[in-house]
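Residue numbers (my numbering), protein chains in the order written: chain A, 1 to 330; chain B, 331 to 617.
No lab work stands behind these hints, which were simulated from the structure alone. Model, not experiment: these values are computed from the prediction.
Here chain B is said to cover these stretches of chain A; the calculated rule only asks that three of the stretch's residues, wherever they fall, bring their Cβ under 8 Å from a Cβ of chain B:
{"hint": "1", "segment": "111-117"}
{"hint": "2", "segment": "123-129"}
{"hint": "3", "segment": "244-254"}
{"hint": "4", "segment": "292-300"}
Ideal Cβ positions, reconstructed from N, Cα and C, are used throughout, including at glycine.
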Amino acid sequence: MKPGPAHRTRSSRPPLAEIVFWLVLAAGFWLWPSYLPLASQVLIAGLFALSLDLVLGYAGIVSLGHAAYFGVGAYAAGVLSKSGWGEPLSGLLVAGLCAGATGFLTSFLVVRGKDLTRLMVTTGIGLLLFELANRLTGLTGGNDGLIGMEMSPVLGAFRFDMYGKVAYGYSLAVIFALFLVMRRLVNSPFGLSLRGIRDNPARMVALGYPVHRRLIAMYTLAAVYAGVAGALLAQTTQFVGTDVLSFNRSAELMVMLIVGGTGMLYGGLAGAAVFMVAHHYLSGINPTYWQFWLGAFLIAIVMFGRGGVLGACLRLERAWRRRMSRSAAP
Amino acid sequence: MITSLLGVLFDGLAYGMLLFLISVGLSVTLGLMNFINLAHGAFAMLGGYVCVLALQRWGLPFLGALPLAFVISALAGLLLERVLYRHLYHRSHLDQVLATIGLTFMAIAAASYVFGPLQQPLQVPKFLSGQVSVLGVDVNVYRGFLLAVGALLTVALTLALERTRFGAAVRAAVDKPRAAEALGIRVGLVFETTFAVGCGLAGLGGALGVQVLGLDPAFPLKFIVYFLLVVTVGGTSGIKGPLYAALLLGVFDIAGKYYVPQIGAFVIYAMMVILLVLRPQGLIGRK
Numbered sequence: 001m002k003p004g005p006a007h008r009t010r011s012s013r014p015p016l017a018e019i020v021f022w023l024v025l026a027a028g029f030w031l032w033p034s035y036l037p038l039a040s041q042v043l044i045a046g047l048f049a050l051s052l053d054l055v056l057g058y059a060g061i062v063s064l065g066h067a068a069y070f071g072v073g074a075y076a077a078g079v080l081s082k083s084g085w086g087e088p089l090s091g092l093l094v095a096g097l098c099a100g101a102t103g104f105l106t107s108f109l110v111v112r113g114k115d116l117t118r119l120m121v122t123t124g125i126g127l128l129l130f131e132l133a134n135r136l137t138g139l140t141g142g143n144d145g146l147i148g149m150e151m152s153p154v155l156g157a158f159r160f161d162m163y164g165k166v167a168y169g170y171s172l173a174v175i176f177a178l179f180l181v182m183r184r185l186v187n188s189p190f191g192l193s194l195r196g197i198r199d200n201p202a203r204m205v206a207l208g209y210p211v212h213r214r215l216i217a218m219y220t221l222a223a224v225y226a227g228v229a230g231a232l233l234a235q236t237t238q239f240v241g242t243d244v245l246s247f248n249r250s251a252e253l254m255v256m257l258i259v260g261g262t263g264m265l266y267g268g269l270a271g272a273a274v275f276m277v278a279h280h281y282l283s284g285i286n287p288t289y290w291q292f293w294l295g296a297f298l299i300a301i302v303m304f305g306r307g308g309v310l311g312a313c314l315r316l317e318r319a320w321r322r323r324m325s326r327s328a329a330p
Numbered sequence: 331m332i333t334s335l336l337g338v339l340f341d342g343l344a345y346g347m348l349l350f351l352i353s354v355g356l357s358v359t360l361g362l363m364n365f366i367n368l369a370h371g372a373f374a375m376l377g378g379y380v381c382v383l384a385l386q387r388w389g390l391p392f393l394g395a396l397p398l399a400f401v402i403s404a405l406a407g408l409l410l411e412r413v414l415y416r417h418l419y420h421r422s423h424l425d426q427v428l429a430t431i432g433l434t435f436m437a438i439a440a441a442s443y444v445f446g447p448l449q450q451p452l453q454v455p456k457f458l459s460g461q462v463s464v465l466g467v468d469v470n471v472y473r474g475f476l477l478a479v480g481a482l483l484t485v486a487l488t489l490a491l492e493r494t495r496f497g498a499a500v501r502a503a504v505d506k507p508r509a510a511e512a513l514g515i516r517v518g519l520v521f522e523t524t525f526a527v528g529c530g531l532a533g534l535g536g537a538l539g540v541q542v543l544g545l546d547p548a549f550p551l552k553f554i555v556y557f558l559l560v561v562t563v564g565g566t567s568g569i570k571g572p573l574y575a576a577l578l579l580g581v582f583d584i585a586g587k588y589y590v591p592q593i594g595a596f597v598i599y600a601m602m603v604i605l606l607v608l609r610p611q612g613l614i615g616r617k
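Produce the entire structure from the sequences given, and follow the hints as far as they go.
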C-alpha cells in the first residue's frame, strides 16, 4: 500500500522549508552563541514533545504521564555514568532501551480502555514512578538528585564544555537522526494505519488491522524517544532530579505540543521553542505571571485556535497562496 | 494495637468523607456530561481561601464561614459554567483536558498572587479542637465533626436526588438527556444547577479540609488525582459508588502512610492503576 497523492502533498510539504529549518538550527553556533545552553534545552524538549506527538497526535492516546519514560531514560543515563560508564552514545542507547522496556510493559495497561481511563492510567504510571524515584534514594539520590555524573567526551573527541557548544551539537545531531527516522515512519503504511486508528478505531478493526499491536508498538517507540530525550538532558546537564518524573513536566509537555500543533512532526519542535523561550523571559519577570498567562493561552487555544502555532502559520500560508492565485488568474 | 487500628480507621473515614464531599460534584459532571474537569480542585481551593479570609479578615465564626464558602464556590461554578464549560460539553476529551488544565494554572497563579505561596494557617474554634476519649479510644473532635457533617450531607444528597422533583429531573437528564428534554425538563438548567451545587460542595469540602489537607496554591494539582480516583473507581451512577470509593481510599491512604510510611503514596497509585485496568467502569458502576 502506497500513500496516496493527497496524503503526500500534506506530509512532505516544501522540503525547502525543512532544509532551511535544520540549517538554521545548525547555524545556531553562530546565530545565538551565548544562548546555546537554552537552545539545547529547547531541542531536548522538542524531542520529548515529538515523542508525545507520536502518542497523542498520531495514535490518539491522551497521556498526562509521559514524563515517566523521560525520567526512566534520564535516570538510566545518570546511574550508568555515575557508576563509571561515561561514554555518551552507548549511554543514550541503554537509556532508550530501558525507557522502551518500561513503555512496552506499561503499554498493555494503557491501550485498554477509553480516553478517561487512559488519562488516569498514564497519570497513575507517572505518579508511581515519581514515588519510586523518591523512595529509592540509594539509586536515585531521592530529593537531593543524582550528583556526580562523569561524562566522557562525545566520540572520544569532543569534551562537554561550559559554554554548551558540544552539548548543543550533540543534542542537535541525535535529534536530527531520530527525526529522520520518525519522518520516514509516520509517512509509511504503519504511520498511516495509526492515523486510521486514531480517527476511527472500530473501522480499523473491521478492516483487519491489529489495532492493539500497532498501538503498543507506537507507544513503545514513543517511550524510547522520550527516554533518549531524558538521557540527553541528564548527560548535557550532568544532573538528574526527581522533577524529571513530575506531573508538571507531563502537563507542560502537553502544553508545548498543543501550542505547536499535534500530528505535524514539527509541531513539537515549534511548540517547545515558543514555550521555552516564553518561559525563559516571562518567568524572569514573575513566575506567577507566567503561569497565569500560560493558562489563559491554553484556554484561548482550545476556544479559538486550532492546530497551535504551526496550524496558524499553515492557515496564513494557505490564505496567502489563495490570494496570490486569485490575483494571478484574471 | 487495636486502639491504633481504630484510630487509623477513624482518621481514614474522616479523610475519606472529605474526599467524598469534594469529589461528589466531579462525579456529577463526569457522569452527567462525560466531561473531564481537571479544574475541580480549584473550586475546593476557592472554598478554603474564602473560609480563611472569613475567619481572619472578616471575623466570621467558623460555622458561619462554611456556608459562605459553599455559596461563593457555587456562584463561581455558575459563572464559569456560563462563560467556559458550556462551550466544552461537546468538544473532544483532549480539549476539555487542556482548557481545564489552563483554568487550573490560572487559579494557582491567582491564588499565589493574592495569598502568597505559603500554607494558610487556620484556627478551628475551641469546641472543635482537642481530643475526647470514646470507649477508651482517643478521638480527634474535628475529625468526628467531619464525619458527622459528611454523613448529614450524604443523607441530604441522597434524599434530594431520590425524593424530590428536581432529583428526578437530574436522574432523567443523566439517563436520557434527549428524552428528558422532550418531556419538558430543561436539561441545560438542570446541568447548570447541578454543576453549581457540585462546585459549592467542593468549596465546602475545601473549607472543611484546610485543617486536614492543608491549603496552598498548589492544592488543585496536588489533590486532583485523588478526586479523579474517587470518581473513576466509584463509578458515576448515584452517590453510593463515590462514597464507598472515597471512604476506601481515605482508609487505605491513611493506613498506608501510618503503617508503611516508607512506600507512602505508592499503595494508592498502584491500587488505582490496577483497579482501572481490571474494572474500567468503576467498582460498582454499571457497564
